Amino acid sequence: MAPNSRKLKFSANGLEKEITLLLMFTPPPEGNPYEDVFPSCWKVITLKRGGPTAAIVEYTANTAFAVPQIDDGNLVTANSSALCDTGQKCTIVDDGVVTPAVPGDAGHLICTNETVAATDVVVGLSDATGGDVEPALVWRNVAAKSRLMVQFTPFLEIYATDDYQETQVLKGAVESPLLWKKNLQTLDKQTTMSVSVDVITGQILIKDAWSYKL
10 MAPNSRKLKF
20 SANGLEKEIT
30 LLLMFTPPPE
40 GNPYEDVFPS
50 CWKVITLKRG
60 GPTAAIVEYT
70 ANTAFAVPQI
80 DDGNLVTANS
90 SALCDTGQKC
100 TIVDDGVVTP
110 AVPGDAGHLI
120 CTNETVAATD
130 VVVGLSDATG
140 GDVEPALVWR
150 NVAAKSRLMV
160 QFTPFLEIYA
170 TDDYQETQVL
180 KGAVESPLLW
190 KKNLQTLDKQ
200 TTMSVSVDVI
210 TGQILIKDAW
220 SYKL
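Every position in the sequence shown, counted from 1, becomes a number in the working numbering once 9 is added.
Any given hint could be a false lead.
Between beta-carbon pairs, the in silico distance windows are [unchecked claim]:
#1 Asp114 to Val208: 49 to 57 Å
#2 Asp172 to Gly40: 23 to 31 Å
#3 Thr162 to Glu67: 29 to 37 Å
#4 Asn22 to Arg156: 47 to 55 Å
#5 Ile65 to Lys26: 18 to 26 Å
#6 Pro61 to Asp104: 44 to 52 Å
#7 Ala11 to Thr210: 50 to 58 Å
#8 Pro61 to Arg156: 42 to 50 Å
#9 Ala63 to Gly96: 31 to 39 Å
In silico DSSO-like cross-links for lysine-lysine, where the CA-CA straight-line distance does not exceed 27 Å [stated by the list, open to error]:
#10 Lys198 to Lys57
#11 Lys16 to Lys57
#12 Lys18 to Lys52
#13 Lys190 to Lys216
Everything labelled a hint here was simulated from the structure, so no lab data went into it. If you're wondering where the values come from, they're calculated on a predicted model, not measured in any experiment. Where a beta carbon is used, it is the ideal one built from N, C-alpha and C, also for glycine.
Can you make the complete structure from the sequences, with help from the hints?
The structure is reproduced here in structure tokens:
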């Protein structure tokens, strides 16, 4: 695992019905959420009725820019992508190609649209090669010859809902209660998340059951 990566294991036992959890990242302070920057459904996991049941999610911490192909509100493919860490910058050139990262401004991921047309831009999480990007945030119609500067802090939000699918672009706030939110960097390398249902209220509960460093 990369130094800043995190692994979450969601665990439950004795559930009376199946639970589906939506995992998404909080949009950064730059821009207007659901107007020019949109979170996407990073992960959708299901915990089965009965049990024990579990699901594992890995946050690689390998941030990347990508030019997506969006179809019916879903991110279908990344036409081109490149790894880009904080303090680095990428450029989108002709034919929507994302160039390899070079040094940029401290504290930001930067992507410049050097094409002649507005384009959609994704910040996502990738494997070590930058080739398989899991979309996290989407900027729509970044203007030609403009620069996108992003402060990406991995605040993960978790909701219980089966209304969404992975890679779907969220057009508005999730209409379900927020169950859990934390900066993943404040967790240890591996954390077990205990999922249960309150026997009195019926509310779904998520707790950091235990964690350990590697």
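Outcome of the hint check:
| no. | hint | in the structure |
| --- | --- | --- |
| 1 | Asp114 to Val208: 49 to 57 Å | holds, 52 Å |
| 2 | Asp172 to Gly40: 23 to 31 Å | holds, 24 Å |
| 3 | Thr162 to Glu67: 29 to 37 Å | violated, 18 Å |
| 4 | Asn22 to Arg156: 47 to 55 Å | holds, 49 Å |
| 5 | Ile65 to Lys26: 18 to 26 Å | holds, 21 Å |
| 6 | Pro61 to Asp104: 44 to 52 Å | holds, 49 Å |
| 7 | Ala11 to Thr210: 50 to 58 Å | violated, 39 Å |
| 8 | Pro61 to Arg156: 42 to 50 Å | holds, 49 Å |
| 9 | Ala63 to Gly96: 31 to 39 Å | holds, 36 Å |
| 10 | Lys198 to Lys57 | holds, 25 Å |
| 11 | Lys16 to Lys57 | holds, 20 Å |
| 12 | Lys18 to Lys52 | holds, 13 Å |
| 13 | Lys190 to Lys216 | holds, 11 Å |
Hint compliance for this structure: hints 3 and 7 are broken, all remaining hints hold.
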